[in-house]
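Protein chains in written order, with my numbering: chain A, 14 to 142; chain B, 38 to 363; chain C, 490 to 1046.
Please keep in mind that the hints were generated in silico from the structure rather than gathered at the bench.
Note that CB positions come from ideal geometry on N, CA and C, so glycine has one too.
There could be a bad hint or two in this list.
Stated by the list, open to error - Which bits of chain C does chain A cover? Going by a derived footprint, with three or more residues having C-beta under 8 Å, they are:
1) 615-628
2) 643-656
3) 722-736
4) 936-943
Claimed, not checked - Capping the alpha-carbon separation at 20 Å, the derived lysine to any residue pairs in SDA-like fashion look like this:
5) A:K17 / B:G240
6) B:K347 / B:E328
7) A:K16 / B:G98
8) A:K132 / C:E542
9) A:K17 / B:K74
10) A:K90 / C:Q941
11) A:K90 / A:E58
12) B:K74 / A:I18
13) B:K275 / C:E619
14) A:K17 / B:E328
15) B:K275 / B:R114
16) A:K17 / B:H161
17) A:K16 / B:R114
18) C:K498 / C:R568
19) C:K931 / B:G240
20) A:K17 / A:S111
21) C:K913 / B:G240
Said to hold, decoys possible - Just a few of them, taken from the derived set where beta-carbon distance is under 8 Å, the chain A residues facing chain C:
22) L27
23) H30
24) D31
25) R39
26) A44
27) G45
28) I53
29) A59
30) G79
31) E83
32) L84
33) G120
34) T126
35) I131
36) D133
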Amino acid sequence: MTKKIRILIAKPGLDGHDRGAKYVARALKDAGYEVIYTGIRQTPEAIVRTAIQEDVDFIGLSLLSGAHNELFPKVVKLLKDQEVDDIVVFGGGIIPESDISFLKENGIQAIFTSGTPIKDIINFIQSCK
Amino acid sequence: MSEQSSPELVSQILEGNIRGIAKAISLAENGLATQPKEELIDSLYSHCGNAAIWGITGPSGVGKSTLLDKMLDCLRRDNHKVAVIVVDPSSPFSGGALLGDRLRMQRYSTDEQVFIRSMASRGHLGGIAGATSDAVKIFDTAGYDTIIIETIGIGQSEIEIVKLADVVMLVLVPGLGDEIQALKAGIMEIGDIFIINKSDLDGADRLHSELEYVLNLKRENKPDLEHPLVMTCATNNKGIDELYDRTNRYLTTITQNGILTRKRRNHLEHEIRVIALAKIREKIDFNSRLEAQLDGWINEILLKKASPYKLINQKINGLIKEMKHR
Amino acid sequence: MAIDKRFLKKLRDWEATILKSVTDHFPERETKFTTGSWIEAERVALPESGDFERYLEKSGMPGEYPFTRGVQPNMYRGRLWTMRQYAGFGTAEESNERYKYLLAQGQTGLSIAFDLPTQIGYDSDHPAAEGEVGKVGVAIDTLQDMEILFDNIPFDQVSTSMTINAPAAILLAMYIAVAEKQGIARAKLNGTLQNDILKEYIARGTYIFPPKPSLKLTTDIFEYCSREVPRFNSISISGYHIREAGATAVQEIAFTLANGIEYVKAALEAGLPLDSYADRLSFFFSAHNDLLEEVAKFRAARRIWAKLMKRKFHASHPKAMMLRFHTQTAGSTLTAQQPDNNIVRVTIQTLAAVLGGTQSLHTNSRDEALNLPTEDSVRIALRTQQIVAHESGVTQTVDPLGGSYYIENLTDKIEVEVWKYLDKIEALGGMVQAIEQGYVQKEIQSSAYRYQQEIETGRRIVVGVNKFTIAESSLVNSQPVNPQLGKIQTAKLFKIKQQRDNVRVAAALKKLRQTTKEPNMNLMPDILTAVKEYASLGEICNVLRDEFGEYHESVIL
Chain A
14 MTKKIRILIA
24 KPGLDGHDRG
34 AKYVARALKD
44 AGYEVIYTGI
54 RQTPEAIVRT
64 AIQEDVDFIG
74 LSLLSGAHNE
84 LFPKVVKLLK
94 DQEVDDIVVF
104 GGGIIPESDI
114 SFLKENGIQA
124 IFTSGTPIKD
134 IINFIQSCK
Chain B
38 MSEQSSPELV
48 SQILEGNIRG
58 IAKAISLAEN
68 GLATQPKEEL
78 IDSLYSHCGN
88 AAIWGITGPS
98 GVGKSTLLDK
108 MLDCLRRDNH
118 KVAVIVVDPS
128 SPFSGGALLG
138 DRLRMQRYST
148 DEQVFIRSMA
158 SRGHLGGIAG
168 ATSDAVKIFD
178 TAGYDTIIIE
188 TIGIGQSEIE
198 IVKLADVVML
208 VLVPGLGDEI
218 QALKAGIMEI
228 GDIFIINKSD
238 LDGADRLHSE
248 LEYVLNLKRE
258 NKPDLEHPLV
268 MTCATNNKGI
278 DELYDRTNRY
288 LTTITQNGIL
298 TRKRRNHLEH
308 EIRVIALAKI
318 REKIDFNSRL
328 EAQLDGWINE
338 ILLKKASPYK
348 LINQKINGLI
358 KEMKHR
Chain C
490 MAIDKRFLKK
500 LRDWEATILK
510 SVTDHFPERE
520 TKFTTGSWIE
530 AERVALPESG
540 DFERYLEKSG
550 MPGEYPFTRG
560 VQPNMYRGRL
570 WTMRQYAGFG
580 TAEESNERYK
590 YLLAQGQTGL
600 SIAFDLPTQI
610 GYDSDHPAAE
620 GEVGKVGVAI
630 DTLQDMEILF
640 DNIPFDQVST
650 SMTINAPAAI
660 LLAMYIAVAE
670 KQGIARAKLN
680 GTLQNDILKE
690 YIARGTYIFP
700 PKPSLKLTTD
710 IFEYCSREVP
720 RFNSISISGY
730 HIREAGATAV
740 QEIAFTLANG
750 IEYVKAALEA
760 GLPLDSYADR
770 LSFFFSAHND
780 LLEEVAKFRA
790 ARRIWAKLMK
800 RKFHASHPKA
810 MMLRFHTQTA
820 GSTLTAQQPD
830 NNIVRVTIQT
840 LAAVLGGTQS
850 LHTNSRDEAL
860 NLPTEDSVRI
870 ALRTQQIVAH
880 ESGVTQTVDP
890 LGGSYYIENL
900 TDKIEVEVWK
910 YLDKIEALGG
920 MVQAIEQGYV
930 QKEIQSSAYR
940 YQQEIETGRR
950 IVVGVNKFTI
960 AESSLVNSQP
970 VNPQLGKIQT
980 AKLFKIKQQR
990 DNVRVAAALK
1000 KLRQTTKEPN
1010 MNLMPDILTA
1020 VKEYASLGEI
1030 CNVLRDEFGE
1040 YHESVIL
């Protein structure tokens, strides 16, 4: 039984810059994954419920407005509240290096910031399988 | 990934637990021809048959998802519990897929009475995914009274939805040109309800006349069945209530006059046939044996040492004899 | 080829008329401009021979149709571009301090950045505002915040640009209300409102209402400004964000001008005579890396817009045909790796904008890819403009690259490609249709994907990212943003809701709601009334949301 890897790419908060998220979504599709992309302005609640409905293996959060310290951990917390322990959360966007350890402590397993080659994300996904 | 046993999954589905439902659909998707999936479907089967199954199909870009979003407004207003399956094609090159149709209905992502699931075709031809009918059964069991399937844009071969849905809504828009010509031949067989979306565009009235003509022909052959033709402009909320009402009326009519029963019987026949043929193929273990020998056959035919049909018939008869003796 | 005396005659005629009409009122910055070696710098270089008619048709003189060489006759010899750094974050108090700092450092205009909740019409206490308050700009909930923002800023002397779109009418009303309190006449107010909702649907995402009612708000603002604040640019039709979303230079111009066409059409349909607002239409573009292409792009844009206004809309006044624009250096080209390299990139982009004839410029700071810029980084960005302005000599002549074979040919090529897009969009029924069908977004996404693929494969080199890399840790200090901002703003908002006269607020909102149902009534006066009663941005937008509906993204990849 081959399980296809499914990834949710989501933009929490109000930031409308979706060029990066769209690029990653498309590139991950080209790498053979099934990618669900839900557009901009997603609340953490909507992201988590979508992730559960779609039974994804990964959630990739994209945010460029600086609200990552509040919103990324919130997604992780909501997953925990729903007793979901098998979804890996990663993030990207405009995230200062000084915030990365805080995010990792709060359940975001990897951060891929501006300029990261797509193969880094793919390697990460492969390593989690 | 934690594997769940079938009885546990079944009870979760019966409770309407969204995680259980989602996992079950994945199980069906990932193990199309496996025992766990078959056990699951068998366990669910007695609970099925209550939901109304809608299909929305049509060329890409006609506004299926937007219309679906509007139908959700109506259904939820009437307190229905709705499941939506949106199907998108898998890339034939990478095997991956970009599933973005739910974006247009994302307002409903936090509605407790709505479940949206995106499915990739994974190479399955016919416009829906191989596991779509399993997903329908899962949702049916979980208590969703209306299950809507949005198929991949239509061509002349993507019509499997007809073998699954109680009502198929075919969406068209003005200005499709050549695509309409090709469709006209198939329209009569595909749709139950015909929708001209983007009715504010030029050519809407002309398309309406064309379709009316074709539908009248259809009606002549089957006078007891109404085929509504509705004009909508989803982005302006025009024609939405009308579409909803006529869909409900259609479903009521076919329930009362026995056509729904006949359809469902036909659907079941199709499903059984497909499963049975697949099983037979599996049992005979035909594919792998065939693969092993194919190169040799190709060489013989290429070198004109044998003529195609003669050789193939010979070889297949030989293979079958071989298997009988195993 | 023999010297064609008509070129010289043209120059002299132009000096005696168009140039003189400007220099009579505004003398040039120097009596004589010289190069570094004291050779006199020509005001505008013309060919000595060649196809004269063709020159007039394609280039003309600066300040003259088709304005290819510039919208002002003597460009930076008369006045330098406005150095206008986009800034704002946190509370109104913090932003106010940053503005005072920038003005003291020599910035000549203010550009206000608002936070996302403000841009999307949410108060700071709205659930959707969680984590976003004060992050990408200043949080404005009521008039009180605006008063604090402009405290002790002589904004009758300094022009103010506000990057606000969907709720632009409300922020404009607040701005006018603050001016009133400071005793400044509306006729003196100078500035720009971005107010470009179409690009929000395409590339930026801070929309609230659907296109039709949004265009009504847009034209209400045109009309109100032409009457009440005539020196205000009532719109900044933007290509910057479209470019940042991944569009090419051609697409940037094509989709921006197409949006411009749509706004002019909407205004005409609303009964506004072209000449009442057309000279206040302004534009906003990106300055990207390929310096030569960017210069050609700006020249082509001017030429195309002039032709559009003249031939399609029959503008009679030259001012209505002039494409005036603000430029921002392209943020998406800046890298998180080796951030100091970005200073070099911004310098090249500054040159592109200046050689391209921009009227005002924002230069990005080196740490844009990491966080909000620090004071040091912002200062360097401003110095970049100042060094180009005062030390490089490119300001001494108009359209320095005009006449270069490469630039002229490329200008023509870009023009041809842009017209193709404009024709296609017209065939689709205009920009609103094209956006609803996803045509524009798909074009941009294709370009974005292709560009990114080239970087991934190494075909396109980005120094420090896929070549000439180093192992690095981030040594750049980031600008901290107070994480308590949401709470601070919420408390402020709570307090003011108690202090204001809530009966009057309710009445004002009710009146506004009634007016939205009248298609021919301008909404600005009622918005202004509500704003003065300290109705919040969210409260006003909620009325509009109820009446206009909300727009939901529908197109994807």
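Against the structure, the hints come out as follows:
1. 615-628: holds (count 8)
2. 643-656: Violated - the segment 643-656 of chain C has 0 residues with a Cβ nearer than 8 Å to chain A, which falls short of three.
3. 722-736: holds (count 3)
4. 936-943: holds (count 3)
5. A:K17 / B:G240: At roughly 43 Å apart (the allowed maximum being 20 Å), B:G240 and A:K17 break the hint.
6. B:K347 / B:E328: holds (19 Å)
7. A:K16 / B:G98: Given pair A:K16, B:G98 is violated - Cα atoms ~31 Å apart, limit 20 Å.
8. A:K132 / C:E542: violated (55 Å)
9. A:K17 / B:K74: Distance of about 16 Å is within 20 Å: holds.
10. A:K90 / C:Q941: violated (33 Å)
11. A:K90 / A:E58: holds (10 Å)
12. B:K74 / A:I18: holds (18 Å)
13. B:K275 / C:E619: Violated, at roughly 36 Å.
14. A:K17 / B:E328: Given that 20 Å is the threshold and the Cα spacing comes to 25 Å, the pair is violated.
15. B:K275 / B:R114: holds (17 Å)
16. A:K17 / B:H161: Cα-Cα ~15 Å, so holds.
17. A:K16 / B:R114: Violated: A:K16 and B:R114 sit about 37 Å apart, past 20 Å.
18. C:K498 / C:R568: Judged against 20 Å, a Cα distance of about 26 Å means the pair is violated.
19. C:K931 / B:G240: violated (25 Å)
20. A:K17 / A:S111: violated (35 Å)
21. C:K913 / B:G240: holds (19 Å)
22. L27: holds (4 Å)
23. H30: It holds, given that the least Cβ distance between A:H30 and chain C is near 7 Å, below 8 Å.
24. D31: With a minimum Cβ separation of about 7 Å from chain C (threshold 8 Å), the hint on A:D31 holds.
25. R39: With a closest approach of 6 Å, the A:R39 hint holds.
26. A44: With a minimum Cβ separation of about 12 Å from chain C (threshold 8 Å), the hint on A:A44 is violated.
27. G45: violated (16 Å)
28. I53: holds (5 Å)
29. A59: violated (11 Å)
30. G79: holds (4 Å)
31. E83: Cβ of A:E83 sits 3 Å from chain C, so the hint holds.
32. L84: holds (5 Å)
33. G120: Not OK, violated: A:G120 not within 8 Å of chain C, min 16 Å.
34. T126: holds (6 Å)
35. I131: OK, holds: A:I131 within 8 Å of chain C, min 6 Å.
36. D133: Given a least distance of 11 Å, the restraint on A:D133 is violated.
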